[in-house]
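Number of protein chains: 2
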Amino acid sequence: MAHLSFTGHDLDRDDHTRADPERLAAMRARGDARLLVLDGLLPQLDEHGLVISDLSGIGDDTELVYLGLRGGAPLFVQVPPEGDMRQAVTLRETMLALMRLDPAELAMFGGARSVADWHARHRFCARCGGHTQIAKGGWQRNCTSCEGQHFPRVDPVAIMLVENEGDLLMGRGKGWPDRAYSALAGFIEPGESIEEGVVREVLEEVGVKVRDVSYIASQPWPFPSQLMIGCHGFTDNRELTIDYTEIEDARWFTRAEVAEAMENGRHAESFIPPLPTAIASYMLTWWLEQD
Amino acid sequence: MAHLSFTGHDLDRDDHTRADPERLAAMRARGDARLLVLDGLLPQLDEHGLVISDLSGIGDDTELVYLGLRGGAPLFVQVPPEGDMRQAVTLRETMLALMRLDPAELAMFGGARSVADWHARHRFCARCGGHTQIAKGGWQRNCTSCEGQHFPRVDPVAIMLVENEGDLLMGRGKGWPDRAYSALAGFIEPGESIEEGVVREVLEEVGVKVRDVSYIASQPWPFPSQLMIGCHGFTDNRELTIDYTEIEDARWFTRAEVAEAMENGRHAESFIPPLPTAIASYMLTWWLEQD
Numbered sequence: 047m048a049h050l051s052f053t054g055h056d057l058d059r060d061d062h063t064r065a066d067p068e069r070l071a072a073m074r075a076r077g078d079a080r081l082l083v084l085d086g087l088l089p090q091l092d093e094h095g096l097v098i099s100d101l102s103g104i105g106d107d108t109e110l111v112y113l114g115l116r117g118g119a120p121l122f123v124q125v126p127p128e129g130d131m132r133q134a135v136t137l138r139e140t141m142l143a144l145m146r147l148d149p150a151e152l153a154m155f156g157g158a159r160s161v162a163d164w165h166a167r168h169r170f171c172a173r174c175g176g177h178t179q180i181a182k183g184g185w186q187r188n189c190t191s192c193e194g195q196h197f198p199r200v201d202p203v204a205i206m207l208v209e210n211e212g213d214l215l216m217g218r219g220k221g222w223p224d225r226a227y228s229a230l231a232g233f234i235e236p237g238e239s240i241e242e243g244v245v246r247e248v249l250e251e252v253g254v255k256v257r258d259v260s261y262i263a264s265q266p267w268p269f270p271s272q273l274m275i276g277c278h279g280f281t282d283n284r285e286l287t288i289d290y291t292e293i294e295d296a297r298w299f300t301r302a303e304v305a306e307a308m309e310n311g312r313h314a315e316s317f318i319p320p321l322p323t324a325i326a327s328y329m330l331t332w333w334l335e336q337d
Numbered sequence: 047m048a049h050l051s052f053t054g055h056d057l058d059r060d061d062h063t064r065a066d067p068e069r070l071a072a073m074r075a076r077g078d079a080r081l082l083v084l085d086g087l088l089p090q091l092d093e094h095g096l097v098i099s100d101l102s103g104i105g106d107d108t109e110l111v112y113l114g115l116r117g118g119a120p121l122f123v124q125v126p127p128e129g130d131m132r133q134a135v136t137l138r139e140t141m142l143a144l145m146r147l148d149p150a151e152l153a154m155f156g157g158a159r160s161v162a163d164w165h166a167r168h169r170f171c172a173r174c175g176g177h178t179q180i181a182k183g184g185w186q187r188n189c190t191s192c193e194g195q196h197f198p199r200v201d202p203v204a205i206m207l208v209e210n211e212g213d214l215l216m217g218r219g220k221g222w223p224d225r226a227y228s229a230l231a232g233f234i235e236p237g238e239s240i241e242e243g244v245v246r247e248v249l250e251e252v253g254v255k256v257r258d259v260s261y262i263a264s265q266p267w268p269f270p271s272q273l274m275i276g277c278h279g280f281t282d283n284r285e286l287t288i289d290y291t292e293i294e295d296a297r298w299f300t301r302a303e304v305a306e307a308m309e310n311g312r313h314a315e316s317f318i319p320p321l322p323t324a325i326a327s328y329m330l331t332w333w334l335e336q337d
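As they're listed, the protein sequences go chains A and B.
Residues 47 to 337 in my numbering are what the first sequence lists, from first letter to last.
Residues 47 to 337 in my numbering are what the second sequence lists, from first letter to last.
Just so you know, these hints were derived from the structure itself, not from any lab.
There's no promise every hint is true.
Repeated chains share a single entry, so a pair holds when one copy, or any two copies, can fit it.
To be verified - The list that follows gives simulated cross-link-like pairs (lysine-lysine, BS3-like), each with its CA atoms no further than 27 Å apart:
# : residue 1 : residue 2
1 : Lys255    : Lys220
2 : Lys182    : Lys220
3 : Lys182    : Lys255
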């Protein structure tokens, strides 16, 4: 079975330390404390993988997130000067760098990127506009002016394989590489379940009604901090009414076309399949393995 | 089968109108436009259910969220003066009022409460501290000082039934009613899948390792805006090491005890089961129906 990318980190998140300022300070002062070095929010790699340094040169008031214990040693990441809301599809260099990481490193980078980026974009209190400061080892920010407490965001996204008579519905977003198709997806909104999100998104984007939604798998997607929730469903309606303000195209693919694309990757004839780091790639592999 | 509370709203969310200011203004001006009337963030009920009024008396610059079309008529909710971060367990009156709603109304109230509360707590830009204003019919807020765009939060929470030799592990939070027990739960963090969140939370709270996590069902929980993701897993370890900073107690319950509690509700002898509006109630019903 394929691997779910951005899962399988080898950190002990050691949440008991987060809430204890003394214990946290002691972790930071330890000789074996380490820093995951990012270039802004990009991964920085050497011949061994992600660059990890000691904490020398890090001032006491530098905002660090405590990621947890790795091989028993405390690991931190620094809050960068600027956040980043660009779409992952525009981060070609990042995506290529990610392919060089082993699965546990990729997962560690993903979580670190999400939380560091969140800090950089939440230096002010949404409630009162005051300054916020890092708290709980980087798993919270508190307002310095009001009682506001703020927590890292994780945005659940429903992503779905929709099937009709053995064919699969996929679409392509604006600005995607030529001939690239993937599973339809969208943010789950307040007031709906995962399954209701699947049905609404597909109806909005291509005008068909989905039934019998089931869950496949989940993985994080750190651009900036999505929880991708992979689902499968059926539709009895093949006729698409595409909302071109949301997507660039959508169409049906045969099982043979999906198999060919997954076999040949970016050299495929039928369509360019999603990157292996995307949960859509895992879902297509899963689907091809079903009866 | 039990119903998943807060699901099954009967709104067409009509997202195409959100992004179109003219269409949105026309919706607001329609004679059949209606307002879901909240008392702050509490539901307001009359003999028919939720109180719905016309828009007379609502000024043009009042912040309204466009919830969508209900029976063809546009429905709005007003952003209240104050948000609310109290825990649902402290909102006894709200919980009792909710029990009087039919399922579609409950779901409509839940979504409206979450998004209205989010607006009230996000009048400032987390990026720069500037004022934000409502956009896209209430499904976005934009900063008036920088390029910041902000979207309603939905916080995914993993909630899990953990099983060992046919018994079920449940816990109770601080401040819960006497003898009340429910499934363990916790927020999914950046950098982990649903399944990894389940394993981490159980390990943190009671010190046992969970394997073979599977998905059961999901529902929203609008206090303030969680997506509850119900899972099941097994553990080979019955010995609990409880983190009393996080929970007040946890213990194993036999199938007979769970059945008795679900049968007798708050008059049960074994323990007080979760409210029917909680996904934990659905999950326990589901579990009792398994072989």
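Now for the hints, and whether the structure bears them out:
1. Lys255 <-> Lys220: within (23 Å within a copy, 43 Å between copies)
2. Lys182 <-> Lys220: between (39 Å within a copy, 20 Å between copies)
3. Lys182 <-> Lys255: between (44 Å within a copy, 25 Å between copies)
In terms of the numbered hints stated before, the structure departs from none.
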